[in-house]
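Enquirer: Modelling step: build the complete structure from the supplied sequences, incorporating the hints.
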Amino acid sequence: MSEINENLGKQEKSQRFQIAEPHDLSKRSKWLRDYYFKGAEREWNNQYMAFTTGTDWDIIWNEGDYYIVPEVHTYIGNKGKGVFASAFRSMAVSVKLPENFWELSLPERRMAFFEKVMLDYIPQEIISENDLLGGGRFNTQLSKCLNKNEASKFWKMNLEIRRKLFKFNKSGFGNLGATGGHIIPDYETILNKGFKYIHKKAEENYQKLNKKEKEGSKGQELRAMIIAAEIPRKLAKKYAEECRRLKEKTSSHERAEELEQIAHNLERVPWEPSETFWQGVQSIWLTHMLIISEESYPGPGTSFGRIDQHLWHLYKKDVIDEKTITKEFAKDILGSFWFHSNTAYDAMIKVGNQGITSGYGQLITLSGCGPNGEDLTNELTYTILEVIDEWHPILEPKPNIRLHRNSPEKILNRIIDIISRSQGAPFLINFDEKSIAGMVTEGISKQYAWNYACVGCLENTMQGNDRSGTVNCNPNLTKSIELTLWNGKNMPGNFIKPWTKDGEQLGPKSGEPENFKSWDEFWNAWKEQIKFIIKFMVEINNMTEELRGKYMPTPFLSTFVQGCIEKGLDVRNGGPELSFVTVNGVGFATTVDSLLAIKKLVFEDKKYSIEEIKEALINDFEGEKYVVMQTILKNKAPKYGCDNEISDELARKVMKTWGDETWKYKTPTNFQYRPGMLSWNYWAGAAAQFTIATPDGRKRGTYLSNAMCPTDGVDNKGPTAVTNSVGIALGGKTEGGEFINYLPSGSSHTITFNPSILRDPEHKEKFKSYLRGYDENGGTCLQINMLDADMLRNAQKHPENYKNLLVRITGYNAYFTAIGKELQDEIIARESHRM
Amino acid sequence: MIDADMGLIFEIQKMSTEDGPGIRTTVFFKQCPLRCIWCHNPESILKKPQLEWLKHKCIGCKTCIETCQEDALSFLEEGLNIDRNLCTSCGDCANECPSTALHMYGEYWDLDNLFHEIQKDKVYYTTSKGGITLSGGEPTIQSEFILELLKMCKEKGISTALDTCGYAPRKIYERILPYVDLILLDIKEIDSEKHKNFTGVSNDLILENAIWISQYIDTNNKKMWIRTPIIPNYTATEENIKGIGEFIINKLNNIPDRWDLLAFNNLCTVKYQRLDMDWPLKNYKLLRKEEIENLYNLAKDIGVKNVRWSGLIKKEENSNKI
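From first to last, the protein sequence lines stand for chains P and L. Residue numbers for the first sequence follow the numbering used here, beginning at 903 and rising by one. Residue numbers for the second sequence follow the numbering used here, beginning at 3 and rising by one.
These are calculated hints, taken from the structure and not from any lab test. Fair warning: there could be bad hints in the mix.
When the alpha-carbon atoms are kept at most 25 Å apart in a straight line, the in silico DSS-like pairs for lysine-lysine are as follows [claimed, not checked]:
(1) P:K1635 / P:K1110
(2) P:K983 / P:K1452
(3) L:K225 / P:K1666
(4) P:K1635 / L:K158
(5) P:K1509 / L:K158
(6) P:K1508 / L:K64
Expert: Here is the structure:
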């Protein structure tokens, strides 16, 4: 029956396939969703508003926030004269500064400025009669409030960093830079104690300081935090006033009551503890929005954590026990939350559609286990899943669903039901046992590690006390192959003026590989080069972290990240109890497969010499001479991802080796480096472009492998085989069956299935079992796509018919029609697992 | 060569969802005693390994021609020509082919390696109540090998299924079935004469075995599924379905746990071409939905429990069942 199996669905898939559509939305939610999608045609939007201190030297747009996005490098320009910086300067509104402004310390200046802008310069608006939450405009570009001396020191250091960063990036080492967002602040405290408690805590800690400390940086930071903790109350009050104003104007009795309730909510939260579900959602939203405003960074990775746990007691009281609101109304409250989250994308609304690099991963984490492995799924989890399902396709907030050994059948059924109706699962699935093993690797005890959650795309962190800088470092592991083959130099001819010279000695001299007698010698040389790459990366990233810590504090966010008030240190300056910088290895499978090809074909089979391999790479496999060689390299060496012991063991060793290097370093701001494997679009963009041909047969410029995934097309043994490989590369399990995970930040794995896998109840059951098996044998995080190449090709030709077609890569959603043709082709070329 | 130590296998399919319950690894054994006109796996029929050439993978480097010691390969205008009379199935050309365009159907596996391959997916068998399925061809032809394999699986707690055409001596089933949890037995055509015309053999032995197997599984707490390929102009008749249904009810005492009707598909046309074999059904069209559903309803109405149908049907508006 094998032939039937492989071809099931082939003839019928195009008609089987349906693009997901929003459904069953209430009138209110439908209006908000439709309104959002009107985009630039809306009369209201949330585009960037820029504000300046009015000085000649003012810095508004911080290029450092965008160092990890190489597409933006072109626009940086010199000393704030680039496109973005100039545009924001010219549009910036001059803020009337308090009289003593320049006498204040930098953190206090920042908060005084922030407060002034949020209260007096940005209008407080309720978006139509359908909005149930206060909190409209939040996309800001705020002055960094530097004085002349600070600005001059900032630029001196920044220019040095920029030079180094460009060299790093343009010679193919990857990208890096301290980046905003990517944190789950302490929402449990905001909900249950309010900013009032935080304000008091900051005051108390300030009072504990001695005179000298009060005058020093601790005192400055704490005073700024004291100002900061009151901003939410003041802003909420202004929103409440706006509600009352609208209440006077409305002719609808029902709406008047709603506005009164919203006003009442805002007079209470986020200052006081939330007493109702509505207040809880309001409290989280207004707080979240203020983080984005303060960081002037619209939402990337600013995440909510386990929202079905945070809000459960309120939902249970209001919807289930006391029935003060209906489930439908609770969904409408969440609907407003969904709407506002998406308006983060308005930042550049006039410039155009947001593609794959629009990294606004405002994550919510759902379901998952408790301290003893018990399941914590509740009624609110299912209500939120309904909202996700009914609003889909939509970009924000992005859900991650935690599964584990004791996940109930009900949640798996619900997940599979949603997947079967969408072309890509509208959520990522995170696997608890493997993820928790990773948290334990970074030193968190099992007693706490169960309560981890995801930020950004899929990065695992703790909640409320952890900043793990989860996208700050993205080294291109593949560069190690080039450096090993050329004894620490770039390949001849591979350089970009003025950043690198031809044949420049970049890495250590690890030996001329032509002279290596054995694979072990090659392996040891490779290890020297990979160590160098991590060290080189740390050296530059440390500077970006230090610069940011020094000149761009965020006292507001710091107030509710545990550890910051206690230490009197900013969240960007080593304040959080858990402070990490995550290093995301890029091009993992390309690296492993390249090593495997050299091991097998050079050292074992002696089919080719190192000289021949190098010559072929220099020629980028161009010319008749190299056709056969390239084909053999592609097909005749083992590959990672096929559940083959030899290749997966090397994959594991490569993972352990580079990961271990990261643990050796800390930033000057006291953040510990840790490994992870999210690769966003780096594998497809700059890293690929700057990576020479590789010994696995890949040509220059072709995309590198993505995150934990095998190289495209080599994983031909089916989904279970690739799942097993991924689990093993992350460390597998101990002999006693304990999970091992080398990557605490987690690792992204995407599998594309043919829709026929979910064609009937029997097959849905099988798929459920596959997910349970994934939990045992696979990685930490799985993206499931249900795509079909015919449909994608059609979408390329007729984008107008596929506006809603959402594609997810490594946890990033993008509308297929909005991404470039190259990436579209890449997605089409992906191996689709037919079962 | 074929004995208890080595099995001749032409495919190992992981995460199979079509050969029994749960997630399975299906091992396809070479050689078959039947010659079904509609055979979907022509590569399974013969005892010897067979070479195929995949045009879309070929880079035209001619390594194969240089490798072949028998001069069995040559490039013609339409592509690589394999002289089947000269080819000794040595496999050297496939080993040397840079692009994997040349592929041998049939590879010898020893027991330990095969078991090692199978147990890699043990977790999924457990979570899904799946296991392994021995299929083919006809696995019972390699009875010594599969007996050892099945014993090994049972010892290690892996559930087993045997997909058989039923055309094997009773003695073989008697030896093997103690190590099999589920028997997938084909009853293709109830009329003995027609059966002989369609498959080359009469169904007398198959039906006798079916009766014995059904009694065996009934007393030994095992499961049995009947499978019937639904082939237009051949087995896709009401008469046949009625006949098999009544046989299941009356002779097998309605013991089988499930009856699968498997709709004809024509996707194997290309495999016949690649093996230089002619296929009389190459121009046959897929069944229409009403045709298969009609037979399915008939089967259900006879009273057989748990009747299912699957497979490809003709593309129609508003139809999305596969």
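Enquirer: Confirm or reject each hint.
Expert: Now for the hints, and whether the structure bears them out:
no.: 1; hint: P:K1635 / P:K1110; result: 48 Å, violated
no.: 2; hint: P:K983 / P:K1452; result: 22 Å, holds
no.: 3; hint: L:K225 / P:K1666; result: 22 Å, holds
no.: 4; hint: P:K1635 / L:K158; result: 20 Å, holds
no.: 5; hint: P:K1509 / L:K158; result: 40 Å, violated
no.: 6; hint: P:K1508 / L:K64; result: 21 Å, holds
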